[in-house]
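Q: Next come the chains, spelled out residue by residue.
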Amino acid sequence: MFGTTFILAIRSILRHKLRSILTALGIIIGVAAVVTMVTLGKATTAAVQQQISSLGTNILQVRPGQGFGRGGGGPQPANFDEQDVQAVRDQIAGVIAVAPQAQSSGTAIHEGANATTTVNGTTLDYFRVQPWPLVDGRTWNRAEEQAGKGVCVIGNTVRKNLFNGGDAVGKRLRINGISCDVIGILSTRGQAGFGGDQDDVVIMPIKQVQRRFTGNRDIRLMLVGTDPDYETAQVQAGITSLLRERRNITGGKQDDFNIFDTAQISATLTGTTTLLTQIVAAVAGISLVVGGIGIMNIMLVSVTERTREIGIRLAIGAVASEVLMQFLVEAVVLAMLGGVIGLLLAQFAVAGLSIAGGLPFLFDVQINVIAFAISAIIGVVFGYFPARRAASLNPIDALRHE
Amino acid sequence: MAVAARRAEASVADNPLPLIQLRNVTKVYGEGATQFQALKGIDLDITAGDFVAVMGPSGSGKSTTMNILGCLDVPSSGEFLFNGFHVEQLGRDQRALMRRKYLGFVFQGFNLLARTSALENVELPLVYRGDPKAQRRDAAMAALAKVGLDKWWDHTPAELSGGQQQRVAIARAIVTNPAVLLADEPTGNLDSERSVEIMELLTDLNRTSNITVLMVTHEPDMAEFARTLVHFKDGLIERIEQNDKVPA
Numbered sequence: 001m002f003g004t005t006f007i008l009a010i011r012s013i014l015r016h017k018l019r020s021i022l023t024a025l026g027i028i029i030g031v032a033a034v035v036t037m038v039t040l041g042k043a044t045t046a047a048v049q050q051q052i053s054s055l056g057t058n059i060l061q062v063r064p065g066q067g068f069g070r071g072g073g074g075p076q077p078a079n080f081d082e083q084d085v086q087a088v089r090d091q092i093a094g095v096i097a098v099a100p101q102a103q104s105s106g107t108a109i110h111e112g113a114n115a116t117t118t119v120n121g122t123t124l125d126y127f128r129v130q131p132w133p134l135v136d137g138r139t140w141n142r143a144e145e146q147a148g149k150g151v152c153v154i155g156n157t158v159r160k161n162l163f164n165g166g167d168a169v170g171k172r173l174r175i176n177g178i179s180c181d182v183i184g185i186l187s188t189r190g191q192a193g194f195g196g197d198q199d200d201v202v203i204m205p206i207k208q209v210q211r212r213f214t215g216n217r218d219i220r221l222m223l224v225g226t227d228p229d230y231e232t233a234q235v236q237a238g239i240t241s242l243l244r245e246r247r248n249i250t251g252g253k254q255d256d257f258n259i260f261d262t263a264q265i266s267a268t269l270t271g272t273t274t275l276l277t278q279i280v281a282a283v284a285g286i287s288l289v290v291g292g293i294g295i296m297n298i299m300l301v302s303v304t305e306r307t308r309e310i311g312i313r314l315a316i317g318a319v320a321s322e323v324l325m326q327f328l329v330e331a332v333v334l335a336m337l338g339g340v341i342g343l344l345l346a347q348f349a350v351a352g353l354s355i356a357g358g359l360p361f362l363f364d365v366q367i368n369v370i371a372f373a374i375s376a377i378i379g380v381v382f383g384y385f386p387a388r389r390a391a392s393l394n395p396i397d398a399l400r401h402e
Numbered sequence: 001m002a003v004a005a006r007r008a009e010a011s012v013a014d015n016p017l018p019l020i021q022l023r024n025v026t027k028v029y030g031e032g033a034t035q036f037q038a039l040k041g042i043d044l045d046i047t048a049g050d051f052v053a054v055m056g057p058s059g060s061g062k063s064t065t066m067n068i069l070g071c072l073d074v075p076s077s078g079e080f081l082f083n084g085f086h087v088e089q090l091g092r093d094q095r096a097l098m099r100r101k102y103l104g105f106v107f108q109g110f111n112l113l114a115r116t117s118a119l120e121n122v123e124l125p126l127v128y129r130g131d132p133k134a135q136r137r138d139a140a141m142a143a144l145a146k147v148g149l150d151k152w153w154d155h156t157p158a159e160l161s162g163g164q165q166q167r168v169a170i171a172r173a174i175v176t177n178p179a180v181l182l183a184d185e186p187t188g189n190l191d192s193e194r195s196v197e198i199m200e201l202l203t204d205l206n207r208t209s210n211i212t213v214l215m216v217t218h219e220p221d222m223a224e225f226a227r228t229l230v231h232f233k234d235g236l237i238e239r240i241e242q243n244d245k246v247p248a
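Quick note, the sequences are listed as chains E and B, same order.
Mind the numbering: the first sequence is residues 1 to 402 in the working numbering, read in order.
Mind the numbering: the second sequence is residues 1 to 248 in the working numbering, read in order.
Isolated chain E (complex conformation) (with noise of 0.2 Å):
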């Protein structure tokens, strides 16, 4: 029996080709819409994750002054020395490495070329705390941090603007008049999550930095790499300590510099786009279920349209059973095309978005099988009932209906 009005119904379909897109509509849109706002939301939840993870994990970034930037008004807190940085990794346990930081920008030049770039003057423990291996040359050897040689590596940006691409190791570059050695190139690690291109930098030792660009001692910013056997919130709590006697930030002073923790932001940010995520999805998933509506809603006009047609086929031998398999099948077929049709349209409106929002395009399929397998399921529930009112037409009043 199922054979028979799977026929009729895709016949009856075929046959009312507007009024089936028409019907199908709603779960198009539906349909189209859940997709399409799960998967961005989850390509941007792996979006976060992966700038957030480029960052390094098991870091904490300890910067002077409160919260993210340097606060409004008031004097400007002081910056780290090299004994903070001593006092941090010696004193702190479950500190592996601290790597200081002191930064600048300048342009560099090489034979003709020249591009504004960021100076960062670190120590080797730059390299220890992250990872962030080289593609070609060598990092500076102890001899050369003590010294603070002219010597660099640099960013992929960096070598695209100065050397073409080409081969850099071995040449030498100026930046804002001094120059340096080229040892090293490292990999490349793509946008950073908060603007800004990671590729494009420049780093040396940080005498030489301090020495020749900054002009003073101060350190701006500390990687503290930390062992993952320990809490991450236990080594920031001792860093905070520490850090709050060094500065004589006594009593209920708050403190004038603060340590983010990459893991915890990362969590954090992974966990509200999720919540929006599934608050986008949910608004989307109402459509769907107007979608639903609007099928039943239509399948009732198209029932009493076609009631002279009913009372045709119950008067040539149709029995009620078959009658309401055909209009059920009519609405689940609707409603599954309707959800195929949107699932389609999901995959361009995802592509389209992905490349406007820089995100990249994923295909879920887990969202995917959902979507359809609630197209269906909308199509059996919202179909039931003028499915049964086509089925209870008695045939002579149908066939007389105008």
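To be clear, the hints were calculated from the coordinates, so they are not data collected in a lab.
Keep in mind the model is a prediction, meaning the values are calculated, not measured.
There may be inaccurate statements among the hints.
[As the list claims (entries may be wrong)] Incomplete in silico selection of chain E near chain B, CB under 8 Å:
no.: 1; residue: L8
no.: 2; residue: R15
no.: 3; residue: K160
no.: 4; residue: G317
no.: 5; residue: A318
no.: 6; residue: A349
C-beta: ideal position from N, C-alpha, C; glycine also.
Please arrange chain B on chain E, whose structure you already have, making use of the hints.
A: Using the frame of chain E, we list chain B on its own:
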């Protein structure tokens, strides 16, 4: 019903009994004050192979009788025997199966499915019967050939004239080889020339395929094609005549 239907089928051939027997059949519509007695107790025997014209003014009970004979409705009381078996108290689905197996319908308004080819319209009863596709196609084409429309099989009702539509409807009614063809004013929407053609077709089917034809009409010209004329009046059968001009 399935059992009753099979028993009915087994003995449908050379049965001395009339194919259809109505015994004191009444039909009452509504309740209480609005109650209306459409049939006041009729008796009617129809022999297999007969061509019966049912006549009478509107409200005389002829349509009600046809609905009962067509298993579209049930009598309020009385007996309806089809080939000797009681079918007056069959349920909805059982009556549907009776219609599917033994009856074919032709209506005044043709009642073909719109936007559906003649072939698919004729196939429809076979789809419900569950015939395989190739068999359906062959049987439907054969039925269309019988009504002289096999060349028009792919035309939709909108592309056919009224007479042609009624021929398609007749093909649909006979495609299952029914025992009885019920025609409700089959020529009511046609001009006299087309009407005569349809009547000749029905006569031919009655003779060559031995289908019992029951036809409601209020046109005496059309009733002339029938062998037996049943006149209704006020919910009763007024008289039954045999038409001598039509050979038995």
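Q: Work down the list of hints and note, for each, if the structure agrees.
A: Now the hints, each set against the structure:
1. L8: At about 7 Å, which falls below the 8 Å cut-off, the nearest Cβ of chain B leaves the hint on L8(E) intact, so it holds.
2. R15: holds (5 Å)
3. K160: Violated - the Cβ of K160(E) stays beyond 8 Å from chain B, reaching only about 64 Å at its closest.
4. G317: With Cβ-Cβ at 3 Å, under 8 Å, it holds.
5. A318: holds (5 Å)
6. A349: This interface hint is violated because 34 Å lies over the 8 Å limit.
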